[in-house]
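*Asks:* Below are the chains, spelled out letter by letter.
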Amino acid sequence: MSQNGSVLIIGAGIAGMKAALMLAGASRKVHLVERLPIIGGKVIKNEESFPNMECSTCMVAPVQQAVLQNPDIETYTYSTVDRIDGGPGCFSAVIRKKARYISLVDCIGCGMCFDPCPVSLANEWEEGLMPRKAVYVPCSGSLPNVPVIDASSCLHLSGKQECSLCAESCAFEAVNLDDSDQVIEIEVGSVIIATGADTFDLSALPNLGYGILPSVYSPFEFERLFASNGPTQGEITLRGSGTVPRRIAIVHCIGRTEAGYCSSVCCMYSFKFVRFLRHKLPEAEVFNIHLDVCTPGKSYQSFFTSLDDRDTTMLFTPSIDDVRVTENGPSLTLSYPAPDGNTREIEVDMVILAAAMVPDRGLGEIAQMAGIQLDRHGFVMTVDRESGSLQTSRDGIFVAGTAEGPKDIQNTVIQAESAAGQALEAMSAAAAVNKERASGS
Amino acid sequence: MRAKVGVYICECGPNIAEKVDIDGIIAGLSEFDGFGETELVVKKYGFLCSKSGREFLEEEIRNLGLTHLVIGACSPRDHDSTFKGVCGRTDLNPYLYRIINIREHCSWVIDDVEKATEKAESYLRGGIARVLRQSELFENPIDVNPDVLVIGGGVAGMQAALSLAAEDRRVSIVERSDRLGGRALELSGLSSGTFRGSDIAAGQVESVMGNPYIDVFLNTGVSSVIGFLGNFVIELLSDEDGATTEISSGAIIAATGCAVYDPSLSGSYNYSDRDDVYNPLEISRMLSSEGGVALRSGGRPENIALVHCAGRDELNYCSGICCGVMMKTALLLKESIPGVDITEFYRDICVPPHEGRQLYESVLEAGVDLVRVESAGLSGTTVSFREKSGVEDQRSFDMVVTAPALIPSPDTADIALLLGIPLDDTGFFQEAHRMTDPSGTTTDGVFIAGTSQGPRGILDSMRFARASAGLILTRLIIGEKLVPEVAVSEILEAYCTGCGNCLEVCVYGAIYSDGSKGVSVVNEAICRGCGNCFGSCPSGALRTKHFTNTQLYREVDEALR
Ligand SMILES: Cc1cc2nc3c(=O)[nH]c(=O)nc-3n(C[C@H](O)[C@H](O)[C@H](O)COP(=O)(O)OP(=O)(O)OC[C@H]3O[C@@H](n4cnc5c(N)ncnc54)[C@H](O)[C@@H]3O)c2cc1C
Ligand SMILES: Cc1cc2nc3c(=O)[nH]c(=O)nc-3n(C[C@H](O)[C@H](O)[C@H](O)COP(=O)(O)OP(=O)(O)OC[C@H]3O[C@@H](n4cnc5c(N)ncnc54)[C@H](O)[C@@H]3O)c2cc1C
Ligand code: SF4
Ligand code: SF4
Ligand code: SF4
Ligand code: SF4
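Chains A and B, in that order, give the protein sequences. For the first sequence, counting from 1, position 127 maps to 127 in this note's numbering; every step adds exactly one. For the second sequence, counting from 1, position 357 maps to 357 in this note's numbering; every step adds exactly one.
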C-alpha cells in the first residue's frame, strides 16, 4: 500500500498550530481541524502570559496568520472529525464542516452584518460577560476574521421567523443562508490530537458561591475582564454593580482534590492575576489563599518572589476544601482554616477561583471516535513512555499539548514539536520500509 | 531603460472606496511630474487580492512591461505576500514592488474624505519614490549537509540521535565523559511511574551503539564551531590524547545536561564531608551497592530526615522534580532499611500532574512523617525548621538527604560561547523565544534539548529532544536546498573603519572581523536582515538591502512634499 505523508491535526490551539506549521515546513500537507469558528485556542483569551507578561495576542497572531496563509495547511474551522479509519500511513478520516453561512472567501470581516441582527445572547467565548448577535465573531481580533451564524439562535435558520437582515446588510454577498454542512473525506499518514483542556467545573463546589454570587469569578472570566479587547475594554469592574473592587481574594488549588493532581499552572496564573491587579488597580488589596506554591521550572519561582507584601498578602491554609464564600451585604466573606487550626475570615468584594485544568469535556467523545485510550485522570494516554513517545494507544495517532495533561505554553509547544517530529520520523521510517519492500519484490 | 511604475489602488469594496477619493488620486498622480522621466500607470480595481484581481495584475505587468509595482491597499500583514506572489509569477523581481497601506492608515482611521484622500495620495507618492530606489534581489539557494552533531550523551542527546539517525543522515554524539547515559544512568530507583532511569538510559545506550548511522566520540569535547545552518564545521578535541577531529554537520543540538546543586555552599545548610548528609543520587548509588545504605561510621541509620527545597531560595527557582524524587527516595529507604523512621520536611508539594496524588498517598501509607515547614536549615545532621504556624524547632537525625536542585552542567557557559547562544539569568541556555520557540536558539541551526535548557525529568527531557530533532527534520530536508534571507545587510568596505560596533549588536553572530583588511564583514548566510547593526555603524558603512537610507529618505521626502 502506498504511504500517505500528510497529517490530520485535531484542535488549533497553540499546540495544533505549531505542529501544523512545523509539518508544513517539511513540505507535508496538513489538515487542521478546529471546532470553533476561530483558531488560536485558549492562549488568546489571555491579554498577557506568564512569565514574561508578554502580550499573548501579539505572540499568537503571527502564528495564526502563518497558519492561515500557509498553502500546505488546509484549515477547517467550525469543524469536527467524525471518523478515523485505517492505520499508520493510510488513515482515512471524515471531517464535518458545519455550515458557517458566511463565505470565508467573500467576507472581508467588516462587521456590517452584526448591527442589524435582532437576536442578542451571551457570548460564550467571552465567558458570557457580554452579548453577541446570532451572526458574530467570538472576539475582536478573531482569525479568520469572518463571522459565523449560529443556526440555533438565528431567527431564520431556527425557523422562528423570516429574517435576512444580515444578508441584506452585507455589501460583499458573503452571507448564504442556504449553506449546509459539508462532509469531506481525507487520507493522511498520521494524526495528532491537540484538543486542549478545560478548567474545573466550579459549580460543583457550592461552598465557593460560583454561579450564585456574582462577584465570584472563574479564571477565564477574570482573564477576559482584564483584556483590553474584552467585555469591559480591560476595566476591572464587578459583574452586576459595575463598581471597582477594592479587596480581592484569589483562591488557589480549586478542584485539585477532586481532580487528584496539581495542575502546575494555577499558582502561576494566580500570580499573574496579582500583577494584573497591581497594574490596573494599584490601590486594591489582594489576598492569595493558598496551599502549596507550585512554581516548577527555571523562571517561575522568581515570578512569584518578585511580588512583595504590597502586591498581595499570602494566606496559607492547610485545607482549601474548607474555604467558604458567603454573601455579606454588598460584599463577601471568605472563611478559611488557618495553620493554627482556627477559622479565619476576611471581607472582600471579589473572589477569583484558580480552577484546576481538567480534560476537555469533549475528549471522551474524541477518544471513542479515534479509538484511543485515556489515562486515569482522563487525559489522552501515551504508550511507550520510556522513550519519551507521544504515541497514543493507537498506532500512528499522537497527542500534543494540554490534551495530554495540564501544562504551560512552553511545554505545550515543546510537545507539539515533539509530536510533529515523531509523526515525521514515523512516516519517513514507514516510507523507507516501503521502498525496501518495493525494491525487494 | 525608462522606468514604468504601475500604481494599482484597491477599493477593498467600500472599505477604501468610501473614504478615499480614488479617482481624484488617479487624476492627481497622473498629472504629477515630480518623477522626471518615469512613466506612471495609475488604475483602480475592486479587490486586488481576489483571484481575478491577481490575474489582472499579472496581465498588466506582462502587457504593459512594468518595471516597478506599487499597490495601494491594506496592511502588508494581510497581503504583502499575496502581491509578492503575483510578481513571482511574472518576470518582475518581487523586490521592485511595494505595498502602501491606505486602509488601516487612511480610510479606516480618518473620517474626513478630503483628508483621508490627501494622506493616501502622499503615501502613494512616497511609495513610488521609494520603489524607484529599490533594487532587484535574488534568492541564492545553498546545499545543505543533512548530518547532525549532538553535544552530550545523556537521555536527551541519545534520544535526539535515535530520532534523527537514518540511512541518509548520520549523527555524531560527542560525550565528555567516558560513557553515554548521563545522570539517568545513575538513577536505579524508580524514576517515572514504573520505569527506572537507569533502565531507560541503558536501553538507549544499547540502541545508540547498535545504530550504524550514529558515531559516538567519548572522552571528547568540542573545541571550535564555525558555519551556519546547513553547513557547520566542528573541531572535536579528545581529552585522552589531545588529538583533534574535524567533522561537518548541518545542525547542532546542545544537550549538555545538568548538575546537582551543593547546598553546603549556602549559609543555611552547614555540614561537611564528614557529616551523613547526601543527595538522592548518592543514596541511589548506595542502594545499588552491595553494602546498601550505611552511615560513614558503618552502621545503619535509624532515622533519616529528607529536606526538600535545598537550594530553592538560593537559586530562586523550583526544580519541579525534587519533590517527586524525594518521595520516591523515602519509599526506597523505607523498603531497604526495615524499621527506619523517615521525616520529610517540605515546603510545598510540587509534583507533575501525571504523578498525581498517588505518590503522596503511598508516602503517607508507608508511614513517612510529613512535616510542612516555612523554612528549614541544617547544622550537620540537625534540622532546624519553622512550621507554618510560626513555631520554631530543631531535631537531630542519623542521616539527612537534601533535595537535588538541578543546576546547569559546568560546561554550559563554554558551550554557549562556542555556539554563540546566550544563557539566561539562571545560567541555563536561553531559548529563541521562551514560549513559542523553546527548542531554538538565536543561532539558526543550533537547537537545545533536555536539562541544558532548564530543570526537568527524564521523560520530558526525551520529549524535548524529539522536538529539537523534529525541527531539524523540517529544516534539513534530504534533497532540498535552503534559501537564506535575501534582504540582508552588507558592509561597504571603503567606509568601514573596523570599529567593531556592529559585531556587538548582531545577536545572530552574522558579522565577523576581517583582520587582514581591518574591516567588518557580514556573512550573508547567517544574517537575517533584522537591521540592528544598521544603526550602530558610526561611519555609514552598513547598509541593509531593501531598507537603505536613500530609500527611506526619498519616501519620506516625497510623502511630505
Ligand atoms: C486561566 C488560565 C491562564 C493561563 N495563563 C497562562 C499563561 O499566562 N502562560 C502560560 O504559559 N500558560 C498559561 N495557561 C496554560 C495555557 O492556557 C495552555 O498551556 C495552552 O492553552 C495549551 O494549549 P493547547 O493548544 O494544548 O490547548 P487549547 O489552547 O485549549 O487549544 C485546543 C484547541 O482545540 C480545539 N478543540 C477541542 N476539541 C476539539 C474537537 N473535538 N475538534 C476540533 N477542535 C477541538 C479547541 O477549540 C481549542 O481551540 C493558562 C491556563 C489557564 C486555565
Ligand atoms: C538526584 C537526581 C534524581 C533524579 N531523579 C529523577 C527521577 O526520579 N525521575 C526523572 O524523570 N528525572 C530525575 N532526575 C532528572 C534526570 O536526571 C534528568 O532529567 C535527565 O538526566 C536529563 O538528561 P539530559 O540528557 O538532559 O542531561 P544529563 O543526563 O545531564 O546528560 C548530559 C550529558 O552531557 C555530557 N556533557 C556535558 N557537557 C559536555 C560537553 N561540554 N561536551 C560533551 N558532553 C558533555 C555529560 O557528561 C552528560 O553525559 C533526577 C536528577 C537528579 C540529579
Ligand atoms: S458577512 Fe459581509 S457584512 Fe458580515 S463581516 Fe463579512 S463582509 Fe462584512
Ligand atoms: S438571518 Fe439570522 S443572523 Fe441574519 S440578521 Fe437575521 S437573525 Fe441575525
Ligand atoms: S520540586 Fe519540590 S523540593 Fe524541589 S524545589 Fe520545588 S517544591 Fe522544593
Ligand atoms: S541585519 Fe541583523 S542579523 Fe544581519 S548582520 Fe545586522 S544585526 Fe546581524
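Heads up, some of the hints might be wrong.
[What the hints assert, rightly or not] Here are the in silico distance ranges between beta carbons for each label pair:
(1) A:S302 / B:P410: 18 to 24 Å
(2) B:E136 / A:G234: 24 to 30 Å
(3) B:S384 / A:L307: 23 to 29 Å
(4) B:G28 / A:S103: 34 to 40 Å
(5) A:N229 / B:N219: 56 to 62 Å
(6) B:A27 / A:N229: 46 to 52 Å
(7) B:G88 / A:N229: 32 to 38 Å
[Stated by the list, open to error] Heads up, simulated SDA-like pairs for lysine to any residue below, C-alpha to C-alpha not over 25 Å straight-line:
(8) B:K84 / A:L307
(9) A:K97 / B:S50
(10) B:K84 / A:P71
(11) B:K51 / B:D78
I should point out that these hints are in silico values taken from the structure, not numbers from a laboratory. As the structure is a computational prediction, the values presented were derived from the model and not from experiment. We put the CB at the ideal spot given by N, CA and C, even for glycine.
*Asks:* Indicate, hint by hint, whether the structure satisfies it.
*Replies:* Status of each hint after checking the structure:
no.	hint	result
1	A:S302 / B:P410: 18 to 24 Å	holds (23 Å)
2	B:E136 / A:G234: 24 to 30 Å	violated (46 Å)
3	B:S384 / A:L307: 23 to 29 Å	holds (27 Å)
4	B:G28 / A:S103: 34 to 40 Å	holds (35 Å)
5	A:N229 / B:N219: 56 to 62 Å	holds (57 Å)
6	B:A27 / A:N229: 46 to 52 Å	violated (40 Å)
7	B:G88 / A:N229: 32 to 38 Å	holds (35 Å)
8	B:K84 / A:L307	violated (48 Å)
9	A:K97 / B:S50	holds (23 Å)
10	B:K84 / A:P71	holds (15 Å)
11	B:K51 / B:D78	holds (15 Å)
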